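J.: So the chains spell out like this:
Number of protein chains: 4
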Amino acid sequence: MKDSVKRVVLAYSGGLDTSVILKWLQVEYGCEVVTFTADLGQGEELEPARAKAVLMGIPDHHIYIDDLREEFVRDFVFPMMRANARYEGDYLLGTSIARPLISKRLIEIARETGADAIAHGATGKGNDQVRFELSAYALNPDIKVIAPWREWDLTSRTRLIEWAEAHQIPVPKDKRGESPFSTDANLLHTSSEGKCLEDPWEETPDYVYSRTVNPEDAPDAPEYITIDFEKGDGVALNGEAMSPATLLAALNDLGRKHGIGRLDLVENRFVGMKSRGMYETPGGEIYARAHRGIESITLDRGAAHLKDELMPKYAELIYNGFWFSPEREMLQAAIDHSQANVSGTVRVKLYKGSASVVGRKSPNSLYSEKVVTFEDDAGAYDQKDAAGFIKLNALRLRLLARQGKH
Amino acid sequence: MKDSVKRVVLAYSGGLDTSVILKWLQVEYGCEVVTFTADLGQGEELEPARAKAVLMGIPDHHIYIDDLREEFVRDFVFPMMRANARYEGDYLLGTSIARPLISKRLIEIARETGADAIAHGATGKGNDQVRFELSAYALNPDIKVIAPWREWDLTSRTRLIEWAEAHQIPVPKDKRGESPFSTDANLLHTSSEGKCLEDPWEETPDYVYSRTVNPEDAPDAPEYITIDFEKGDGVALNGEAMSPATLLAALNDLGRKHGIGRLDLVENRFVGMKSRGMYETPGGEIYARAHRGIESITLDRGAAHLKDELMPKYAELIYNGFWFSPEREMLQAAIDHSQANVSGTVRVKLYKGSASVVGRKSPNSLYSEKVVTFEDDAGAYDQKDAAGFIKLNALRLRLLARQGKH
Amino acid sequence: MKDSVKRVVLAYSGGLDTSVILKWLQVEYGCEVVTFTADLGQGEELEPARAKAVLMGIPDHHIYIDDLREEFVRDFVFPMMRANARYEGDYLLGTSIARPLISKRLIEIARETGADAIAHGATGKGNDQVRFELSAYALNPDIKVIAPWREWDLTSRTRLIEWAEAHQIPVPKDKRGESPFSTDANLLHTSSEGKCLEDPWEETPDYVYSRTVNPEDAPDAPEYITIDFEKGDGVALNGEAMSPATLLAALNDLGRKHGIGRLDLVENRFVGMKSRGMYETPGGEIYARAHRGIESITLDRGAAHLKDELMPKYAELIYNGFWFSPEREMLQAAIDHSQANVSGTVRVKLYKGSASVVGRKSPNSLYSEKVVTFEDDAGAYDQKDAAGFIKLNALRLRLLARQGKH
Amino acid sequence: MKDSVKRVVLAYSGGLDTSVILKWLQVEYGCEVVTFTADLGQGEELEPARAKAVLMGIPDHHIYIDDLREEFVRDFVFPMMRANARYEGDYLLGTSIARPLISKRLIEIARETGADAIAHGATGKGNDQVRFELSAYALNPDIKVIAPWREWDLTSRTRLIEWAEAHQIPVPKDKRGESPFSTDANLLHTSSEGKCLEDPWEETPDYVYSRTVNPEDAPDAPEYITIDFEKGDGVALNGEAMSPATLLAALNDLGRKHGIGRLDLVENRFVGMKSRGMYETPGGEIYARAHRGIESITLDRGAAHLKDELMPKYAELIYNGFWFSPEREMLQAAIDHSQANVSGTVRVKLYKGSASVVGRKSPNSLYSEKVVTFEDDAGAYDQKDAAGFIKLNALRLRLLARQGKH
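Chains as they are written, first to last, in the working numbering: chain C, 65 to 470; chain W, 65 to 470; chain L, 65 to 470; chain Y, 65 to 470.
Some clues are possibly wrong.
It does not matter which identical chain is meant; a pair holds if it fits inside one copy or across any two.
EDC-like cross-link-like pairs, simulated, lysine to aspartate or glutamate; straight-line CA separation at most 16 Å [as the list claims (entries may be wrong)]:
#, residue 1, residue 2
1, 70, 226
2, 413, 266
3, 434, 263
4, 425, 262
5, 413, 284
6, 295, 238
7, 259, 439
8, 377, 180
Source of the hints: derived by calculation from the structure; they are not laboratory data.
These numbers come from a predicted model, not from an experiment.
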């Protein structure tokens, strides 16, 4: 017999899997289910999820459908981008960064509805279960968490569908067979993994990609854009002010058109295995490069290098699910402190899969043509200072060499 | 009056600037000059340098011309690539990594010829003076270093040319005017900076690029290649075994053709100013991506993440000129230790400016399809373990949340 | 019913708890038990363990009793000391560093005896279970691990003793009641925790300490000793050459006499909770301070600071049980590289709880009285170099200040 | 001829050296001098400095004498202590942390008095020149800095005294000979270096110590005290609320009495040489240990370990003079973020040179006796969770071992 649960808030997409979970929770736990469906920019209609929930007997006041796009970009994506976070050198953390927001809403809804548990549809092999649950426990240490994929015995597609049919859950025709891969999508990215992608020697087939055109099919002419930043965050595209989500959506359109942001990666999961994922982050890739571009002229070297040293740990924390942890918040405090003057404009060239920074300017620029110039600098820099600078930097190496230590 | 110097080894390219330096050393220091000209793959004839040295009165046995290409790639470029080193997120350190090798030879030649000093043609505003001199002092703490650009008063082009003519140094016609930018080249890269590149808002004009075609002019069809690695180093291209320098040269050809490895960067110099550089690293960019690709399936997560955390410091050390330092060597020892199993084959797609890893395989692969699969894994992984894993990772966060600490 | 196990190697102390485990393995798993008892310098007779194992029916060739003291100090304690490792600022990792060696022998004995499992007596709340098992899995990925404390229901002292008596295991009188705290001991330290130590506001009662006199009872006169180091490892005490274990044992005697190495700490366990421990590391504390002392004159600043930056992670890895991991080995490679010239003599003053370095000398000393002196240094250092050094270090800060960025 | 300077603010102690500097500035630069004398708790009368300045012709409104003790402890010492900063493992940075405050006042006074330069009495071999000047340039990029010790030729004691006498500067009898060592003092510490301390093998003679009794002469009975912390800062001693400077002064008295805080160190200077220093930080040592004590029960592991990893770099920045740098401020932001719940009471035992934490309690304590107990914990922790925790932490190590990679 299961733990006693009175009411559970389920992260509900309206798809077959979470519909089976909804019913299974009702059947196996004998508890009330509250559904929560979030619009994170995944590009799906949400009203069908409401209709399905109603069909499963969920009362209206227990069906939550929230548009979280602005909160997602403003409070999660942008703070992460301030850090130039890339996991294992490349991955822009599109799935990882959405999970803590979903958990935050699950916990809020649990409080509002008096629920004592939450449930999610992540499997027992992946990172998402960890991300959902660490966030949930950090926000409510007494919450119960139900992860059906770790509990039930519906471990093959066939059994899942049999169970669905036995419980009067409609099974769409295209869900009867095995899907060739599994996906996750939000305003920042679409990820695909599993099945046909499991051999890391095989190139990802083009039909897996859904958010970007193939670079080979992208326009033959490059397109130039500008992004304006204020205090480390994007605020305008081509001079037009935009909210965070609007800006990211517009960059997604541009990235799609030019085939930007595809990534084929073998990565290390927190649960200890390697997996192969395919990511499309069209707008995010452009944004990330532009952010580094504006930092390059507005951030002092000391700040910039410290950020680079802290980044791998920061990215790992987000990947592993520790968004709501003291150490992520400490790093964020340091990163945010660095962004006070990261304002200005970046010019980016988009062309067949590439986003290249080709210009940057800022009222806060620390770049000094007067100091750096090959020409006479009128005393802005005394080249003789370099001799002393080198001599003292070399002193310890010379003392070491004198000891014959090399 | 200058310090007394008996004999000086000059890093001599044969160009106008180092020819002026050669003569200036003879005139101002009244000392013998030994010339050292290195083939680092910069793509220039070296025999003209010999002829010019002879004309300046240097005896044959004091003219050194060395082909250092294999040593450069094997002992400097490849070890650095094992670390996935990129300065400030992007720069592949093409100039930085060549300087310690030149200094090493200058010091060796000083020993062989009984010289008590070395000289170089780097200016007082740049990083190269630091790199040359730190390396030199680390290898011979008692060497004298002469940096004419920090000493003389030939601080404008006009004065330099007047001095040259006054001292019978031939001035080629195309050197009479100001060069629109300055360059450095070796087998790894060509860099350009200064003059027409000094406004970071202006896009780099296409004529600055010399090592790569414009991506827009690159072939319309992608090209696929494979690179084989053994213990972290590249050993074959498309199945054909190659020496380090041969492999890098072949990748340069491929990169040139497909417009790969261009980088327009505002960076932070060690001497304290920001500068804008334009880099072309065609083969290096392909190689660097392939190396990360083979690591992705052969390197354990613990090793991979530690490498990512150490990398910014490692890259900074090389950029700043500390190749011959205990701390760079310590990091190298750690990095090299990690590469024992980094062997296998990577497949890379080259297309209009991009080099993308699309496949990787290895006899040492740590990727386990059996463990990661969405299908039944026959007990390779018990999903129930994840519950305990999450619970204990969450424990401290729950204790914190119970204290109302959020 | 338990997993099928054929033969299990048990880490066996001969005490009541592991005797119960031995019998429980025989009864519950119906398997053969091989006993392994290690002399790590814990200061107990080992032959009684043999006698007890014989009584429990273990055949002679399945009773392993090994003196591992030299291996322990040489291959585990000293390499760790090279890193100046202290967990959370203070703890010298006395328990943590012994676990991987025990696991290593368990796995070796399993191979020799054809056993398919190992077992240990660590509880489910502590770090030791993690350390034993991570080491074991790293050395033999297919080994089965039995941790009876996580499996059985003998969760109170009363039930354990009832079970022992029901199975004819002799229960010494002094083991019938609850022990006021639990201890672990080896040549490096004795730790105590639990029960009477569980309130972190209460001072540790003096009767808990067993390895050191109370500083208040230590001699009123200080004692001076010297320790000689070669390549980072201690080799002699007061000029007398000693093996690693002999040296540590001799330092333990000195530390005991002078009340050195007591530590009362609230620490963070890997399993997520805080615990309060009391540690006595008499010889280790003296050795650790002496090692830093010899490094202070023989280690270059770059190496020393890099070591300090890497140390917390290194210590955490050992504390968490990742001795046999690629990342610990990478860090060890870096650390060991740094120790090539860490040779010389350190003079230490021992007095009522303190071990203070008061002198250090080395043929490899990088300390230069000639350079540092307040007196005329005869040109060893040109004070004017400092002006340029400061000017270039300040340049970026001045450019920043000019932007009004403060 | 010197650079043209109109008016210079001099860091003026009133002692012989800075009196010579004052006159030398008047003579050599022909400029007005403004004197600034700070009370940082060095324990000297300041009014004599005023009288001497008047004698040298400085008008009243150009004589600044400020009591900076509270600002020093509140805004410099305490923030640094929040980080548990120790340079090279031991040094509590007593001199380093005072320099930026002095520079801050120098720059403020320069602004108030319309001065275009500042001057200090630090030599060209030490760290203090760097600290003074980096801070000054960071706060006013256009300030001129005069460092007479790097400029003049009064490089021996004899010449300095001759110059003083030739310029009618009174030379106290006890300043005629060479001082056996040089000192710096403030409320945090007294440092001594040079001369009789220059041989690192010789024990520091007892007469060098001025702030602490010899531990051998300290009371034979230990003394117990409590320190209360709020948000990471000390606020009370033995239950009595105190301002920062008052608290530190009271701890200094206690530390002096018990011989606490002596340190004999060979350290690495930023200018590239090793030096030997003797430090006495009586109150600071007690405070630093108490701060770690209160953190041990109130700081989450993630925060604590991140702090430990960042500390060496933070300490190095302060030691090297980069207090007013973006990277120090970023680290401070992270550290300060961590201190929100670092409140409670620590009990410390003082005895013959040692300060040992023996108790700690807090309303914010994260230590849970219920979770950690050896007794039945009523379900607070499920020991079976540990099995899954270990299994997933081991997974990557097992996959690695399967590849025969060990």
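J.: Go through the copies and call it for residue 434 and residue 263: within, between, both or neither, with a Cα cutoff of 16 Å.
T.: between (54 Å within a copy, 11 Å between copies)
J.: Is it within, between, both, or neither for residue 70 and residue 226, if the alpha carbons may be no more than 16 Å apart?
T.: Neither. Shortest intra-copy (27 Å) and inter-copy (40 Å) distances fail the 16 Å Cα cut-off.
J.: At most 16 Å between CA atoms: does that hold for residue 295 and residue 238 within a copy, between copies, both, or neither?
T.: neither (47 Å within a copy, 46 Å between copies)
J.: Tell me, please, which holds for residue 259 and residue 439 at an alpha-carbon limit of 16 Å: within, between, both or neither?
T.: Answer is between; shortest inter-copy Cα gap is 8 Å, intra-copy 60 Å.
J.: Indicate which option fits the pair residue 377, residue 180 if close means a Cα-Cα distance not exceeding 16 Å: within, between, both or neither.
T.: Neither. Shortest intra-copy (33 Å) and inter-copy (38 Å) distances fail the 16 Å Cα cut-off.
J.: How would you label the pair residue 413, residue 266 (within, between, both, or neither) given a Cα cut-off of 16 Å?
T.: between (31 Å within a copy, 12 Å between copies)
J.: Have a look at residue 425 and residue 262 and pick one of within, between, both or neither, based on CA distance no larger than 16 Å.
T.: Only across copies: residue 425 and residue 262 sit 12 Å apart there, 44 Å inside one copy, limit 16 Å.
J.: For residue 413 and residue 284, with the copy left unspecified, which applies at a CA distance of at most 16 Å: within, between, both, or neither?
T.: This pair counts as within: shortest intra-copy Cα distance 13 Å, inter-copy 19 Å.
Hint check: violations occur at hints 1, 6 and 8; the rest are consistent with the structure.
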